[in-house]
Amino acid sequence: MNFFKSVIRMSMLAAACCLLFPLRAYAYIDPGTGSYIFQIIIAAFVALSFAVKVYWLKIKKFLGRLFAKKEK
Amino acid sequence: MKPAEGLVPGSFRDPSGFLFWNQGQLYRQVNGAYQEHYDQLIASGLYRELQAEGLLVGHEECDLKLARDRAAYKIIRPALVPFISYPYEWCFSQLKDAALLTLGIQKKALEYGMSLKDASAYNVQFVHGRPLLIDTLSFEKYPEGRPWVAYRQFCQHFLAPLALMACRDVRLNQLSCLYVDGVPLDLASSLLPARTRFKFSLLSHIHLHARSQKRYADKPVRSKQRPMSRFALLALLNSLENAVNKLHWQPRGSEWAEYYDHTNYSDQALEVKVKLVADSLERLRPRDVWDIGANTGVFSRLASARGIPTVSLDIDAAAVEKNYRQCRRDNEKCLLPLVGDVTNPSPGIGWENRERMSLLQRGPVDTILALALVHHLAISNNLPLGKIADFFSRLCRDLILEFIPKSDSQVQRLLATRDDIFPDYHAAGLEKEFLPYFAIERREAIAGSERILYVMRSKVRSGG
Chain R
40 MNFFKSVIRM SMLAAACCLL FPLRAYAYID PGTGSYIFQI IIAAFVALSF AVKVYWLKIK
100 KFLGRLFAKK EK
Chain Z
12 MKPAEGLVPG SFRDPSGFLF WNQGQLYRQV NGAYQEHYDQ LIASGLYREL QAEGLLVGHE
72 ECDLKLARDR AAYKIIRPAL VPFISYPYEW CFSQLKDAAL LTLGIQKKAL EYGMSLKDAS
132 AYNVQFVHGR PLLIDTLSFE KYPEGRPWVA YRQFCQHFLA PLALMACRDV RLNQLSCLYV
192 DGVPLDLASS LLPARTRFKF SLLSHIHLHA RSQKRYADKP VRSKQRPMSR FALLALLNSL
252 ENAVNKLHWQ PRGSEWAEYY DHTNYSDQAL EVKVKLVADS LERLRPRDVW DIGANTGVFS
312 RLASARGIPT VSLDIDAAAV EKNYRQCRRD NEKCLLPLVG DVTNPSPGIG WENRERMSLL
372 QRGPVDTILA LALVHHLAIS NNLPLGKIAD FFSRLCRDLI LEFIPKSDSQ VQRLLATRDD
432 IFPDYHAAGL EKEFLPYFAI ERREAIAGSE RILYVMRSKV RSGG
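Residue numbers (the working numbering), protein chains in the order written: chain R, 40 to 111; chain Z, 12 to 475.
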């Protein structure tokens with residue numbers, strides 16, 4: 040569960056960062072300020088569902104254990 | 012790609028290097044500024060892996076004496092792409108496959124500590140029936156925590172046109188020809204149907220993204236914050252991959268995609284035509300073929316099945332989509348289906364109109380198939396026969412042409428709603444107009460029909 044807490048924390052931090060700080064990208068193509076900032080916000084959102092997808096097995100195991108304990 | 016000399020006009024934006032021709036060979040100069048990235052691409056094993064999986068063009072390192080200037084670090088010779096095509100000439104599934112290739116490579120690059128620094132659709136070409144990244148210098152070391160600098164470009168080059176094709180009209184792929192750096196997201200957002208706002212992937216990567224671009228358009232940038240974790244970047248790539256995978260388009264209902272269901276050909280005539288075209292190809296033994304007005308590529312396959320690199324061009328996106336799906340399913344290596352209108356061929360676009368070649372610049376070709384095409388050019392498009400002959404004579408050495416007379420029901424259909432202002436549209440008229448440009452080498456009536464198949468040799472291209 041610590042992992043999910045940290046993902047949420049990181050996501051919120053990332054979102055906060057991008058609202059607080061303007062950015063600079065060192066790239067030969069223009070990443071576009073709006074695109075650059077936006078991807079950080081959207082990545083924070085999709086990171087949550089991605090984490091669920093990647094760690095689905097772990098979640099299932101965790102929930103399984105949780106319910107097993109309750110039954111006891 | 013036709014050998015030439017000097018710098019390749021479309022290869023100047025990236026300071027990492029450029030392409031040039033030297034004595035009929037294509038080389039890429041890798042500049043010193045790109046040294047650490049190139050070395051990592053090779054040393055990390057990323058190049059080897061992408062090569063092994065057929066995702067990145069292969070190259071060999073050459074003598075540095077070939078360098079065009081002192082900025083050179085390496086000179087490499089990339090494998091040649093048989094025919095350069097552009098995203099506005101691709102059908103829906105071709106663009107989708109190219110998009111998925113780009114994302115797949117970016118994910119693989121991250122595993123090796125690298126990242127794609129651009130996501131241009133022009134960096135992808137179709138070789139042996141599959142998409143292939145052709146820009147070896149697209150990779151850079153991935154600084155931990157940095158967002159994807161090519162995110163905007165990916166959305167403009169791939170996601171926006173794909174969404175427009177899938178959700179609005181497949182012909183909107185032509186917008187890529189108007190906007191050389193991809194479809195502006197505010198334009199895509201305004202053109203997409205309202206229902207796309209209820210799809211999270213399009214709401215976020217197109218609609219909100221466009222709004223964000225507008226909001227920050229004139230904001231200054233100062234800080235060096237790098238607030239995006241590798242995990243978040245992978246999540247973003249995964250989200251883009253889902254967005255692309257969820258877009259579908261079915262080639263249905265177009266006049267041409269069902270052409271062979273409605274054609275007036277008898278089985279016998281079709282068989283004779285196949286035999287005549289196949290015989291002609293055997294005799295001519297071309298190195299390359301363009302089939303113009305190819306529909307779903309039935310006759311293109313007579314050439315490609317003989318191992319001849321064949322471009323199968325048609326105006327109808329549904330027919331080209333069917334053609335490409337068959338190529339992919341059967342793992343056909345020599346056929347390249349493309350969307351194109353021969354009466355308005357792809358122009359040269361970009362800087363000085365030279366960054367992306369016109370269709371005609373990508374010729375000439377050994378043999379052109381123009382089967383059941385001339386009546387559309389002459390009657391539907393009012394093109395004089397002499398102009399058609401002149402055009403083909405400059406574009407090919409040999410022409411295999413099927414002429415359909417006025418008495419044929421297909422031509423009658425074209426004339427049904429208009430005045431017949433084509434008194435010279437008959438076989439004798441065609442031969443008279445073509446003779447200044449072509450030597451007619453074979454003239455065969457297609458048994459079971461009123462059609463005639465000609466094999467002609469260009470007097471312009473053969474020096475005759």
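Simulated from the structure, these hints should not be mistaken for laboratory data. Since we're looking at a predicted model, the values are computed, not measured. Don't take each hint at face value.
Claimed, not checked - Listed below are the simulated DSS-like cross-link pairs for lysine-lysine, each with C-alpha atoms no more than 25 Å apart in a straight line:
#1 Z/118 to Z/225
#2 R/92 to Z/118
#3 Z/76 to Z/118
#4 Z/210 to Z/230
#5 Z/225 to R/92
#6 Z/417 to Z/398
#7 Z/118 to R/97
#8 Z/118 to Z/257
#9 Z/257 to R/92
#10 Z/257 to Z/286
#11 R/92 to Z/398
Cross-check of the supplied hints:
For the suggested pair residue 118 of chain Z and residue 225 of chain Z, the alpha carbons sit about 29 Å apart, so the restraint of at most 25 Å is broken. Taken as a hint, the residue 92 of chain R and residue 118 of chain Z pair is honoured in the structure, with Cα atoms around 16 Å apart against an allowance of 25 Å. Proposed proximity of residue 76 of chain Z and residue 118 of chain Z is contradicted: the alpha carbons are some 36 Å apart, above 25 Å. Proposed proximity of residue 210 of chain Z and residue 230 of chain Z is contradicted: the alpha carbons are some 29 Å apart, above 25 Å.
The straight-line distance between the Cα atoms of residue 225 of chain Z and residue 92 of chain R is roughly 32 Å, outside the 25 Å bound, and the hint therefore fails. Between the alpha carbons of residue 417 of chain Z and residue 398 of chain Z the distance comes to roughly 19 Å, so the proposed pair stays at or under 25 Å and holds. Restraint check for residue 118 of chain Z and residue 97 of chain R: the C-alpha separation of about 23 Å stays at or below 25 Å, so the hint holds. About 19 Å separates the Cα atoms of residue 118 of chain Z and residue 257 of chain Z, which keeps this hinted pair within 25 Å; it holds.
For a cut-off of 25 Å, the pair hint linking residue 257 of chain Z to residue 92 of chain R stands: about 17 Å separates their Cα positions. Restraint check: the Cα-Cα separation between residue 257 of chain Z and residue 286 of chain Z comes to about 42 Å, which exceeds 25 Å; the hinted pair is violated. A hinted pair counts as satisfied when its Cα atoms are at most 25 Å apart, and residue 92 of chain R with residue 398 of chain Z does not qualify at roughly 60 Å.
Going down the numbered hints, you'll see the structure goes against 1, 3, 4, 5, 10, 11, while the others check out.
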